[in-house]
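Number of protein chains: 2
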Amino acid sequence: MATSDSAYRRLEPRFRRLLTLREAAAMLQWDAAALMPAGGAAARADQLATLKLVCHEALTDPAVGDLLDAAAGENDLDDWQRANLREMRRQWLHATAVPGDLVEAASLAASECEQIWRQARPASDFALVRPALQVVLDRTREVATAKAGRLGRSPYEALMDEYEPDATTAAIDRLFDGLAGFLPALIEQVLARQAAAPQPHEPAGPFPIELQREVGVRLMERIGFDFDHGRLDVSLHPFCGGTPDDVRITTRYDENDFRGALMGVLHETGHALYERGLPLAWRRQPVGDARGMAVHESQSLLMEMQACRSPEFTRYLAPVLREIFRTAGPQWGADNLYRLNTRVARGFIRVDADEVTYPAHVILRYRLERAMIDGDLVLADLPAAWNDGMKELLGIVPPDDRRGCLQDIHWYDGAFGYFPTYTLGAMTAAQLFAAAKDTDPRILPGLETGDFAPLLAWLRANVHGKGSLLSTAELVEQATGRPLDAGIFRRHLKTRYLGAG
Amino acid sequence: MATSDSAYRRLEPRFRRLLTLREAAAMLQWDAAALMPAGGAAARADQLATLKLVCHEALTDPAVGDLLDAAAGENDLDDWQRANLREMRRQWLHATAVPGDLVEAASLAASECEQIWRQARPASDFALVRPALQVVLDRTREVATAKAGRLGRSPYEALMDEYEPDATTAAIDRLFDGLAGFLPALIEQVLARQAAAPQPHEPAGPFPIELQREVGVRLMERIGFDFDHGRLDVSLHPFCGGTPDDVRITTRYDENDFRGALMGVLHETGHALYERGLPLAWRRQPVGDARGMAVHESQSLLMEMQACRSPEFTRYLAPVLREIFRTAGPQWGADNLYRLNTRVARGFIRVDADEVTYPAHVILRYRLERAMIDGDLVLADLPAAWNDGMKELLGIVPPDDRRGCLQDIHWYDGAFGYFPTYTLGAMTAAQLFAAAKDTDPRILPGLETGDFAPLLAWLRANVHGKGSLLSTAELVEQATGRPLDAGIFRRHLKTRYLGAG
Numbered sequence: 001m002a003t004s005d006s007a008y009r010r011l012e013p014r015f016r017r018l019l020t021l022r023e024a025a026a027m028l029q030w031d032a033a034a035l036m037p038a039g040g041a042a043a044r045a046d047q048l049a050t051l052k053l054v055c056h057e058a059l060t061d062p063a064v065g066d067l068l069d070a071a072a073g074e075n076d077l078d079d080w081q082r083a084n085l086r087e088m089r090r091q092w093l094h095a096t097a098v099p100g101d102l103v104e105a106a107s108l109a110a111s112e113c114e115q116i117w118r119q120a121r122p123a124s125d126f127a128l129v130r131p132a133l134q135v136v137l138d139r140t141r142e143v144a145t146a147k148a149g150r151l152g153r154s155p156y157e158a159l160m161d162e163y164e165p166d167a168t169t170a171a172i173d174r175l176f177d178g179l180a181g182f183l184p185a186l187i188e189q190v191l192a193r194q195a196a197a198p199q200p201h202e203p204a205g206p207f208p209i210e211l212q213r214e215v216g217v218r219l220m221e222r223i224g225f226d227f228d229h230g231r232l233d234v235s236l237h238p239f240c241g242g243t244p245d246d247v248r249i250t251t252r253y254d255e256n257d258f259r260g261a262l263m264g265v266l267h268e269t270g271h272a273l274y275e276r277g278l279p280l281a282w283r284r285q286p287v288g289d290a291r292g293m294a295v296h297e298s299q300s301l302l303m304e305m306q307a308c309r310s311p312e313f314t315r316y317l318a319p320v321l322r323e324i325f326r327t328a329g330p331q332w333g334a335d336n337l338y339r340l341n342t343r344v345a346r347g348f349i350r351v352d353a354d355e356v357t358y359p360a361h362v363i364l365r366y367r368l369e370r371a372m373i374d375g376d377l378v379l380a381d382l383p384a385a386w387n388d389g390m391k392e393l394l395g396i397v398p399p400d401d402r403r404g405c406l407q408d409i410h411w412y413d414g415a416f417g418y419f420p421t422y423t424l425g426a427m428t429a430a431q432l433f434a435a436a437k438d439t440d441p442r443i444l445p446g447l448e449t450g451d452f453a454p455l456l457a458w459l460r461a462n463v464h465g466k467g468s469l470l471s472t473a474e475l476v477e478q479a480t481g482r483p484l485d486a487g488i489f490r491r492h493l494k495t496r497y498l499g500a501g
Numbered sequence: 001m002a003t004s005d006s007a008y009r010r011l012e013p014r015f016r017r018l019l020t021l022r023e024a025a026a027m028l029q030w031d032a033a034a035l036m037p038a039g040g041a042a043a044r045a046d047q048l049a050t051l052k053l054v055c056h057e058a059l060t061d062p063a064v065g066d067l068l069d070a071a072a073g074e075n076d077l078d079d080w081q082r083a084n085l086r087e088m089r090r091q092w093l094h095a096t097a098v099p100g101d102l103v104e105a106a107s108l109a110a111s112e113c114e115q116i117w118r119q120a121r122p123a124s125d126f127a128l129v130r131p132a133l134q135v136v137l138d139r140t141r142e143v144a145t146a147k148a149g150r151l152g153r154s155p156y157e158a159l160m161d162e163y164e165p166d167a168t169t170a171a172i173d174r175l176f177d178g179l180a181g182f183l184p185a186l187i188e189q190v191l192a193r194q195a196a197a198p199q200p201h202e203p204a205g206p207f208p209i210e211l212q213r214e215v216g217v218r219l220m221e222r223i224g225f226d227f228d229h230g231r232l233d234v235s236l237h238p239f240c241g242g243t244p245d246d247v248r249i250t251t252r253y254d255e256n257d258f259r260g261a262l263m264g265v266l267h268e269t270g271h272a273l274y275e276r277g278l279p280l281a282w283r284r285q286p287v288g289d290a291r292g293m294a295v296h297e298s299q300s301l302l303m304e305m306q307a308c309r310s311p312e313f314t315r316y317l318a319p320v321l322r323e324i325f326r327t328a329g330p331q332w333g334a335d336n337l338y339r340l341n342t343r344v345a346r347g348f349i350r351v352d353a354d355e356v357t358y359p360a361h362v363i364l365r366y367r368l369e370r371a372m373i374d375g376d377l378v379l380a381d382l383p384a385a386w387n388d389g390m391k392e393l394l395g396i397v398p399p400d401d402r403r404g405c406l407q408d409i410h411w412y413d414g415a416f417g418y419f420p421t422y423t424l425g426a427m428t429a430a431q432l433f434a435a436a437k438d439t440d441p442r443i444l445p446g447l448e449t450g451d452f453a454p455l456l457a458w459l460r461a462n463v464h465g466k467g468s469l470l471s472t473a474e475l476v477e478q479a480t481g482r483p484l485d486a487g488i489f490r491r492h493l494k495t496r497y498l499g500a501g
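Line order of the protein sequences matches chains B and E.
As numbered in my numbering, residues 1 to 501 make up the first sequence, in order.
As numbered in my numbering, residues 1 to 501 make up the second sequence, in order.
Because the hints were derived from the structure by calculation, they are not lab data.
Incorrect hints may have been included.
Said to hold, decoys possible - Simulated crosslink set (EDC-like; lysine to aspartate or glutamate; CA at most 20 Å straight-line):
#  : chain 1 : residue 1 : chain 2 : residue 2
1  : B       : Lys52     : E       : Glu104
2  : B       : Lys52     : E       : Glu57
3  : B       : Lys437    : B       : Asp451
4  : E       : Lys52     : E       : Glu104
5  : B       : Lys437    : B       : Glu477
6  : E       : Lys391    : E       : Glu104
7  : E       : Lys52     : B       : Asp46
8  : E       : Lys437    : E       : Glu448
9  : E       : Lys52     : B       : Asp354
10 : E       : Lys391    : E       : Glu448
11 : B       : Lys391    : B       : Asp408
12 : B       : Lys494    : B       : Asp177
Said to hold, decoys possible - Computed from the model, here is a short list of chain E residues facing chain B with C-beta under 7 Å:
#  : residue
13 : Gly39
14 : Gly40
15 : Thr169
16 : Asp173
17 : Thr243
18 : Asp245
19 : Gln478
As the list claims (entries may be wrong) - Restraint ranges, calculated between C-beta atoms of paired labels, are given here:
#  : chain 1 : residue 1 : chain 2 : residue 2 : range
20 : E       : Arg16     : B       : Arg16     : 54 to 64 Å
21 : B       : Arg86     : E       : Asp101    : 57 to 67 Å
22 : E       : Asn256    : B       : Asp254    : 34 to 44 Å
23 : B       : Pro13     : E       : Gly181    : 55 to 65 Å
24 : B       : Ala42     : E       : Glu323    : 34 to 44 Å
Just so you know, even glycine gets a beta-carbon here, dropped at the ideal spot from N, CA and C.
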């Protein structure tokens, strides 16, 4: 163990303060999305920018670099401390790699572009936003180049590192090329099989919002969400925010469709359990944080897609829905609900996609954004490249850019390198769930009675409680006995959607 | 105007950052009271403590003292800048007067004592909390002595200065002695008159909470609360929080008593209008903040007591209540509601007191806390001194300390010097409202039609928009043409409660 006056020990309180201030910012961001009146937006932006600046100054204080160098030579650190030091250095590298005026220019460019995008998207007018997007792309490439030098990675990898530490394009290419190789044919087969089977019946609404909320709360409690340390609220875009000790998830309700809000709640509950299960002993240290966005997304998708769209859970869900909505009929049977919840369709919009077609949307974006950062795709060619990719991967071509390259906020808000984490998360979810079921035979029967305790115990031990101790690759390998493997995801899809083992 | 490289100009961004961080803290405090699950309390306390520490470090940075000294010699400041500099120096004096370890010891003592008080109050056990309160008092006296030296005031005045800048015991003694001189006899007369008149009828509930909220929102909108820059929520203790651009008020509902929540909403709306009306050009500068707690309380009491318990407003209110509660009958007539809303009774509990007996509660606390700080009253004698004071000022003696010296959180939480602001606020409210009515003859008829625009315009021009430009004494004198005068409050009480002009 490090002695109390070691450089390492002197870093801990600095990062504790930093991460405590980030908790404050996280709560304010949640409030902005869930509650804040519109007129409060400008003041809130200032509050968040000031908190960010205070954090940036604390992290780039020259003393931090000196302490990190000194701590690197300390040999008495245990595994957690060493990992903590590694993550401290990662945060410091990201913060110090980019000059302050470039950080500000990039942030300003993103704010301005995002505003224009909000007009360009409904108007389906890519030309309107293209000049602003060019500025964002230029600044982002400068940031990427600056970070690449410090991190010893390619520019695109340096951008990914913020969301998914240590991600490499070599590994992602291998996984995504694997998916791209079998998905088009699989989608064809699934659609043909679906068309030949009886069509499921969509239960007719309206479904009062207070009853939809009651369903959500009931299931959250069964799954293990602790309402003494969290809340369920409403926002335009569902998300999981707050802090590990006060996890705030949101959903949105539609009186005519209870399934959207419900699946949103189950998805965010998966995120929430991860946050809540992070190692308490390392609260507010970098090693105590979530590993990265791929693992985070694996936790939401494991809950929503793997566990809660399973036939087992659907048999638990069906009578709960009938009870709370005070209804009955064949459309409320587990078989019909299962068919509804595993319906596959080719569509233009990523956020509406099912789990079979979703990876196609992500692979497209990954390839395009990487080409943009590498300088291999200019913005003038983006809409056509988008449509060509959709044709290749999904077999359909969007009729306009609103349903094409304008649909997602990410690029217009300066987020390049985030998209791959969605599908890395989906693959990780399949692999973790398969390993969990293999390890503990009570997990699957548990879902059928609404008993999530065995699943949650496995996740706590193998994922949540690890924080950032391991790399994502190590975490997956230790938890499942093998590296991340597109074949396991493929097997999951074939089992569920083609009835094949 | 100050030039851009002047010391004064270099202070502005430092204070802007400080006040922006305080806005963040204010939002987190609101959330803690209105929404936060209990399990989030420890993490939230850490977030707030860290923000406070960051602010304290920013304020006590040696550069701030140097800049304040340099700015004091700059002769090209306008009135607002000079006032801003004065308020910057006040904040700096308070922050630098007390050594860091004493600040921490005082804060810790208050936290510990408040916890014990939460057990001692329901048990009516003053002896249980006395040792902890002694520590709080000792630390508070040390703080007061340290501040007194820097501020050039007496120790008790130095404590008051945090809540009511520049308050002097000489001025408060004169005002409160004036009240204490006429109140006992006035209370006798009011009670005798009330007893001789027909008794008002309390409308019977239940009053559904959603309808009570509808009443509150309707009236807030009429009064001028801007829901694009604020919210109405629920908390255990009603308060006005948030920021000028996002004012969060709360109330609490009782299904059997709509008047409590309603009066709470009207009171907090008065606070909210003040915050919202602070000078936009000086947002996040000390001179742009509210003048002090006496003026703040004057704004809530002007709205609740002066305007909304007036016969004129009650004639507007009565049909609104009948419409929203879908009810009728003589108990819903304006005359009956007015009698209910101006009912006077001697009681033990300050927060339940009416506007006639309330000053007696405050004068008692002011005298006792001042004696404790001055060393003229030891804690062993506090319960008896409390009961003697109640007997003298109000003619009743509490049967136990729960309804006596244990009832208020203030001292047990380390807040000495706050109490006088309640009654200074009540007197200021009476004087401002009288002046407003004299200036604009549309104000009183406006209340009868729910048109608050003339009243609000007067308050914006004479109080809200002034921020901290003037001292409280100057503000009252400029707005009303004379210094604060207990005679005006007396006249208000006599007119309303004895029907005398």
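A quick look at each hint next to the structure:
1. B:Lys52 - E:Glu104: violated, 26 Å
2. B:Lys52 - E:Glu57: Status holds; Cα separation ~17 Å.
3. B:Lys437 - B:Asp451: Roughly 14 Å between the alpha carbons, so the hint for Lys437 of chain B and Asp451 of chain B holds.
4. E:Lys52 - E:Glu104: At roughly 11 Å apart (the allowed maximum being 20 Å), Glu104 of chain E and Lys52 of chain E satisfy the hint.
5. B:Lys437 - B:Glu477: holds, 16 Å
6. E:Lys391 - E:Glu104: It is violated: about 38 Å lies between the C-alpha atoms, which goes past 20 Å.
7. E:Lys52 - B:Asp46: holds, 18 Å
8. E:Lys437 - E:Glu448: holds, 13 Å
9. E:Lys52 - B:Asp354: violated, 47 Å
10. E:Lys391 - E:Glu448: With a Cα-Cα distance of about 40 Å, the restraint between Lys391 of chain E and Glu448 of chain E is violated, given a limit of 20 Å.
11. B:Lys391 - B:Asp408: Given pair Lys391 of chain B, Asp408 of chain B holds - Cα atoms ~18 Å apart, limit 20 Å.
12. B:Lys494 - B:Asp177: Measuring from Cα to Cα gives roughly 18 Å; hence the hint holds.
13. Gly39: Interface hint status for Gly39 of chain E: holds (4 Å vs cutoff 7 Å).
14. Gly40: Given a least distance of 3 Å, the restraint on Gly40 of chain E holds.
15. Thr169: Constraint on Thr169 of chain E not satisfied, violated at 38 Å.
16. Asp173: violated, 41 Å
17. Thr243: For Thr243 of chain E, the interface hint holds, since the closest Cβ of chain B sits about 6 Å away, which is under 7 Å.
18. Asp245: holds, 4 Å
19. Gln478: Since chain B brings no Cβ nearer than about 29 Å to Gln478 of chain E, farther than 7 Å, the hint is violated.
20. E:Arg16 - B:Arg16: 54 to 64 Å: Violated: the Cβ-Cβ distance is about 27 Å, outside 54 to 64 Å.
21. B:Arg86 - E:Asp101: 57 to 67 Å: Given range 57 to 67 Å: violated, Cβ gap about 35 Å.
22. E:Asn256 - B:Asp254: 34 to 44 Å: holds, 37 Å
23. B:Pro13 - E:Gly181: 55 to 65 Å: Cβ of Pro13 of chain B to Cβ of Gly181 of chain E: about 57 Å, so the range 55 to 65 Å holds.
24. B:Ala42 - E:Glu323: 34 to 44 Å: holds, 37 Å
In the structure shown, a violation is registered for the earlier hints numbered 1, 6, 9, 10, 15, 16, 19, 20 and 21, in ascending order.
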